[in-house]
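The primary structure of each chain is shown beneath.
Protein chains: 2
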Amino acid sequence: MGGYENGDSPAAAAWEGGVILGVDGGTTSTVCVCLPAAMPPPEAPGSVAVLSRAIAGCSNRNSVGENAALETLEQVMMQALTMANTDRSAVVAVCLSVSGVNHPSDQQRMLDWICNLFPRNAKFYVENDAVAALASGTMGKLHGCVLIAGTGSIAYGVTEDGKVARAAGAGPVLGDWGSGYGIAAQALTAVIKSHDGRGPQTNLTRDIIRKLEISSPDELIGWAYADPSWARIAALVPVVVSAAEDGDKVANTILHDAVQELAESVVAVVRRLTLCGEDGKDQFPLVLVGGVLEGNKKWDISGEVIKCISKVFPGVCPIRPEVNNR
Amino acid sequence: MGGYENGDSPAAAAWEGGVILGVDGGTTSTVCVCLPAAMPPPEAPGSVAVLSRAIAGCSNRNSVGENAALETLEQVMMQALTMANTDRSAVVAVCLSVSGVNHPSDQQRMLDWICNLFPRNAKFYVENDAVAALASGTMGKLHGCVLIAGTGSIAYGVTEDGKVARAAGAGPVLGDWGSGYGIAAQALTAVIKSHDGRGPQTNLTRDIIRKLEISSPDELIGWAYADPSWARIAALVPVVVSAAEDGDKVANTILHDAVQELAESVVAVVRRLTLCGEDGKDQFPLVLVGGVLEGNKKWDISGEVIKCISKVFPGVCPIRPEVNNR
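Protein chains in written order, with the UniProt record's numbering: chain A, 1 to 326; chain B, 1 to 326.
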């Protein structure tokens with residue numbers, strides 16, 4: 001008989017001690033990894049054997065609604081288990097780090113839901129995705145500040161003694177203008193204003209119309225409301241960055257405003273937690289993650305954000321986590 | 001036998017020549033009136049006998065989705081017919097003036113839908129609700145400019161020779177910051193920023209928490225995304241106006257910014273249509289409608305908007321239509 005039989009496959013070996021699921025739930029995509037519960041010693045974290053890694057879409061309830069978010073989370077976890085050649089009965093612990101979890105009541109609702117999916121004695125942790133993002137840059141230690149700017153944005157900090165604070169992360173209705181959604185929505189607004197005769201001309205008009213394959217800004221309103229997904233709007237960020245790199249003034253203003261918003265979020269968190277020490281000069285880690293902050297661009301958004309923050313807190317130590325995707 | 005019998009009731013009398021339905025579809029509410037098709041002479045428009053008047057919720061497809069919008073429109077029209085003691089077979093014409101109709105394709109989709117609801121030989125007109133709003137202030141003549149600022153906002157103008165132009169009316173994703181939604185969303189953002197330590201303290205925090213019966217700004221995120229209706233957000237405008245009247249600086253800035261946005265929308269339309277004549281000094285009617293522009297407040301938003309516009313176009317003639325609700 002070909003392939004592994006129960007008892008001698010790597011998956012089955014993992015199965016014996018049970019498995020752990022770790023979920024990073026974002027507004028654009030959700031990733032679930034399945035790990036053996038028997039972990040290697042902490043001094044060799046690089047050797048963690050990821051049994052499987054599954055990817056799905058948005059799991060932010062504030063963007064797609066609670067039902068769709070929970071469906072995505074269940075689906076991605078089940079897929080990771082199947083890929084690891086095991087099933088839900090093997091799960092001993094689940095850590096959900098999900099955007100849109102903002103309040104103890106969000107956490108409780110998700111705990112009530114997840115405990116029915118897995119064995120009774122399994123352990124469950126539900127956090128905002130900022131917690132996983134912070135840990136990804138500090139080798140698991142929850143200390144310092146993290147700034148996420150993907151489709152959504154949030155600044156989140158933790159002190160050595162466990163105090164936490166956050167800023168932004170409130171979504172588009174509540175003005176997250178430094179997020180990918182915020183940047184793109186400002187660009188779309190600039191196109192509409194220019195078309196109406198309320199704003200300056202901008203190359204964003206030409207570039208966005210080309211990207212969306214529509215024929216005129218008149219069609220933007222229909223496009224914008226055809227699908228309420230935040231990720232679909234945020235996908236226009238590269239168009240804004242390119243326009244700014246090519247010298248478009250409107251696009252440059254939008255990016256500079258976003259930098260300001262993002263820096264102010266971090267400064268607010270660091271100040272509230274005194275992460276910078278009493279004299280404001282202590283070093284503290286700042287983990288930067290999310291598509292908006294990824295480098296390799298001439299217009300370096302994360303570089304500008306760090307520059308702004310370091311004017312206030314010179315002890316900021318930026319960290320860009322290298323995430324092992326396998 | 002009590003009541004009217006067919007043939008001698010006012011409704012049946014109207015029925016003989018057929019009836020006309022007129023629908024004003026907004027983002028908060030939708031009104032349908034049923035009129036006899038045999039109209040009185042235009043020199044006595046006050047004597048139009050409204051057979052019935054039905055009210056329903058939001059019919060803006062961009063806010064509640066196309067299916068819900070069409071359902072609301074059908075429901076309100078059928079209710080008006082029933083109240084007028086007649087049915088859909090009596091309908092000879094329908095005029096739908098509906099917010100969210102922004103593009104010829106929106107119009108066409110709605111025409112395709114409505115012609116299946118009524119007799120084949122009936123006439124159908126589909127327009128943005130700005131057209132009805134303009135006519136409501138100019139005794140039916142389509143000339144001049146209208147500014148609507150309710151839950152949504154739009155500036156819309158028509159020249160004597162039928163050229164049209166519009167500005168704003170693009171909804172929250174595309175930055176209608178002068179609308180009721182826009183004003184309230186800015187206020188909610190100010191509360192979040194203040195709570196995060198990113199913005200100044202404001203009485204809006206206390207007032208909005210009280211109004212929403214929540215216990216802390218932490219709960220605002222959950223509240224904001226629990227229901228995506230724009231009208232629910234816009235319902236907070238009176239709280240912002242009260243706070244501004246009581247001297248709150250943040251609330252005052254929000255209202256002044258909204259005034260600026262609304263005035264700029266009108267100025268853009270008037271300029272593009274040269275409604276103010278070649279020298280910019282001709283008189284033109286400006287019809288003002290919608291909850292945000294209703295007077296009787298110490299903080300007079302429409303007064304401030306008119307002041308701004310008249311600095312650019314001194315010939316502006318503001319009209320506040322008195323709509324007869326019966």
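None of these hints come from the bench; they were simulated from the model.
It is possible that some hints are incorrect.
[What the hints assert, rightly or not] Reference excerpt, derived from the structure (chain B facing chain A, CB under 7 Å, subset only):
#: 1; residue: Asp196
#: 2; residue: Gly197
#: 3; residue: Lys298
[Unchecked claim] Computed Cβ-Cβ distance ranges for the label pairs, DEER-style:
#: 4; chain 1: A; residue 1: Ala93; chain 2: B; residue 2: Ser105; range: 48 to 56 Å
#: 5; chain 1: B; residue 1: Asp300; chain 2: A; residue 2: Asp300; range: 41 to 49 Å
#: 6; chain 1: B; residue 1: Asp300; chain 2: A; residue 2: Asn296; range: 48 to 56 Å
Since we're looking at a predicted model, the values are computed, not measured.
Just so it is clear, CB atoms sit at the ideal spot from N, CA and C, and this is done for glycine as well.
Going down the list of hints, with the structure as the test:
| no. | hint | result |
| --- | --- | --- |
| 1 | Asp196 | holds, 4 Å |
| 2 | Gly197 | holds, 4 Å |
| 3 | Lys298 | violated, 27 Å |
| 4 | A/Ala93 <-> B/Ser105: 48 to 56 Å | holds, 51 Å |
| 5 | B/Asp300 <-> A/Asp300: 41 to 49 Å | holds, 47 Å |
| 6 | B/Asp300 <-> A/Asn296: 48 to 56 Å | holds, 52 Å |
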